[in-house]
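There are 2 protein chains.
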Amino acid sequence: MPELRQDPLSQRWIIISTERAKRPQDFKLKPVESHSGDCVFCAGNEDKTPPEIWSYRSPGTDKDQAGWWVRTVPNKFPALGIEGQLNESVTGLHKTLNGVGAHEVIIETPKHQVEFFHHPAQQIEEIIRMWRDRHLDLRRDHRLKYVLVFKNEGQEAGASLEHAHSQLIALPLLPKAVEEEIKGIKRHLEATNRCIFCDLVYQEQHDQTRVVAESESMLAFCPYASRFPFETWIVPKRHEPDFGLIWENEIRDLGSILRQVFVKFSQALGSPPYNLLLHSTPVNTDIGVSYHWHIEILPRLTKAAGFEFGTDYFINPTPPEIAAESLKRYH
Amino acid sequence: MPELRQDPLSQRWIIISTERAKRPQDFKLKPVESHSGDCVFCAGNEDKTPPEIWSYRSPGTDKDQAGWWVRTVPNKFPALGIEGQLNESVTGLHKTLNGVGAHEVIIETPKHQVEFFHHPAQQIEEIIRMWRDRHLDLRRDHRLKYVLVFKNEGQEAGASLEHAHSQLIALPLLPKAVEEEIKGIKRHLEATNRCIFCDLVYQEQHDQTRVVAESESMLAFCPYASRFPFETWIVPKRHEPDFGLIWENEIRDLGSILRQVFVKFSQALGSPPYNLLLHSTPVNTDIGVSYHWHIEILPRLTKAAGFEFGTDYFINPTPPEIAAESLKRYH
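Protein chains in written order, with this note's numbering: chain E, 1 to 331; chain W, 1001 to 1331.
Just so you know, these hints were derived from the structure itself, not from any lab.
Given the structure is predicted, the values throughout are model-derived calculations rather than measurements.
One should not assume that every hint holds.
Residues from chain W that face chain E, not an exhaustive set, calculated with beta carbons under 10 Å [said to hold, decoys possible]:
id, residue
1, K1076
2, A1079
3, Y1146
4, G1244
5, L1245
6, A1268
7, H1279
8, Y1313
Ideal placement from N, C-alpha and C gives every residue a C-beta, glycine not left out.
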């Protein structure tokens, strides 16, 4: 079972793989798996993944057979395992939790395909519904406190398989990044009695210099203090802490704006590597009741290096106003 | 002048380049500059860098001429500029400081050379003295609150020039990463009345499973909650917040242990890309009087991806006990 170890200084938790530990010889850099014939995520190769957890499929087709259009399976090399009790142990300064959690892969399409924006609109909506359904299912496990949906595309962004997929990791504790957002949300709430994300949407809508795309229920913009060049956030206009409670019209709008953003990335930047994160409120706790769910897309055109790891600050060579202006041009 | 922008949620500061802003077409990936003939850091090419700030050179040789063995110059493309007043402005949710600070390059050798461990022992000591001397000089500017020395080696670790060099960025505010360390130090101090780094050194020395190398005044070990495979910290045994006050015997020991660690990296991992950070106490402030300076070396064999940026936690496939065991074998 993996271990969760806490750094006594920053209180950051680190997931340490203890069973399939990588030794020096295991670090030969592998290219992204690209030959579609052998792809374990393609329809017809269902027996090459662990048994599926959930899928959207044609009536009359069987589990772990073709006939699906979105399919969720356990990660074959999970960062955390779903079995066991959540036990804590301490040795001197060193605190450990056993690595209870979930690590799932959402296969976004049965055909071998790479780019998110090549999905038809309806397919993107189905992917979003799968993200929501897995969110709602996993929180029934009361050991879990947070569900993170994310997507790594391109080798520079940490992808190891080419076939379009997203991932989900459910954690038994709150991510530090989310704890900090919650602190910021509380700070603003106490000062103004308002939601900082609602205020951000309002300010960016009126300023317009950082807006990338807008629809009835969603705003996409490059945040003022973007960590990465062309970093883009998608924030729903309706105040809702919980992505699990997304409305049907919002799913359609989110699908459409996600597609637009990736078309723009492709045209302006030639399909850069990126990470996408879906931040929702923590689950099975009342921390974060004033949260506001949102998506962050981080193109990986620069490298986090000594300065970034030494300070936790970032150097961004592209002002978000210039990024938004470039992205807005494309449709 | 660059801008420092603060994210209203995490309160993280981001350095945004406003003058030499990178547009989409500027993001074609460039290989690390490697042809030694044209290298701007080689002796004889002193006119290709901005005028030097400080150098160790043979008596009778002139500034910006050959004859030096370690040379510090301003970064040609500085993240922060040394001129101007430190002004803050606020527009709605968006807070900005003008980007006052310093960004220097320490050229570690006059010959074209890549690997740190190829430096003779005496040369490494001179590099450490240069880090110290720049530290002591920059803090005389009372606008500055933090001096970070770091080193990026290899393209994966953000290096853009091959010739062995380190960098220094001085900031008008405390890095978030250091603020968090200080919080952890205070937490431990209040609970135990002891320094957490001193306790860490003691615990690792007695446990031995994560120790990589040891000398009279220094301990090198893989931290219990390592973020990266083969992450290695070097901590001085004498409690001293301020790297600027390093003793002569410590400079010799640090040089020798740094060299050992990089020889081990080279033999176990084939000279991996890495970032090195030198963390010292903040300057021109009394925050951090109980700090304990140290060096963190982060080999970049894995990619920080969606999980890491979405949580600020890390997945590390190599337990530090296995990393230390592998590194210990080599001399």
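Hints, verified against the model:
| no. | hint | result |
| --- | --- | --- |
| 1 | K1076 | 14 Å, violated |
| 2 | A1079 | 5 Å, holds |
| 3 | Y1146 | 8 Å, holds |
| 4 | G1244 | 17 Å, violated |
| 5 | L1245 | 20 Å, violated |
| 6 | A1268 | 5 Å, holds |
| 7 | H1279 | 7 Å, holds |
| 8 | Y1313 | 5 Å, holds |
The earlier numbered hints that this structure contradicts are 1, 4 and 5.
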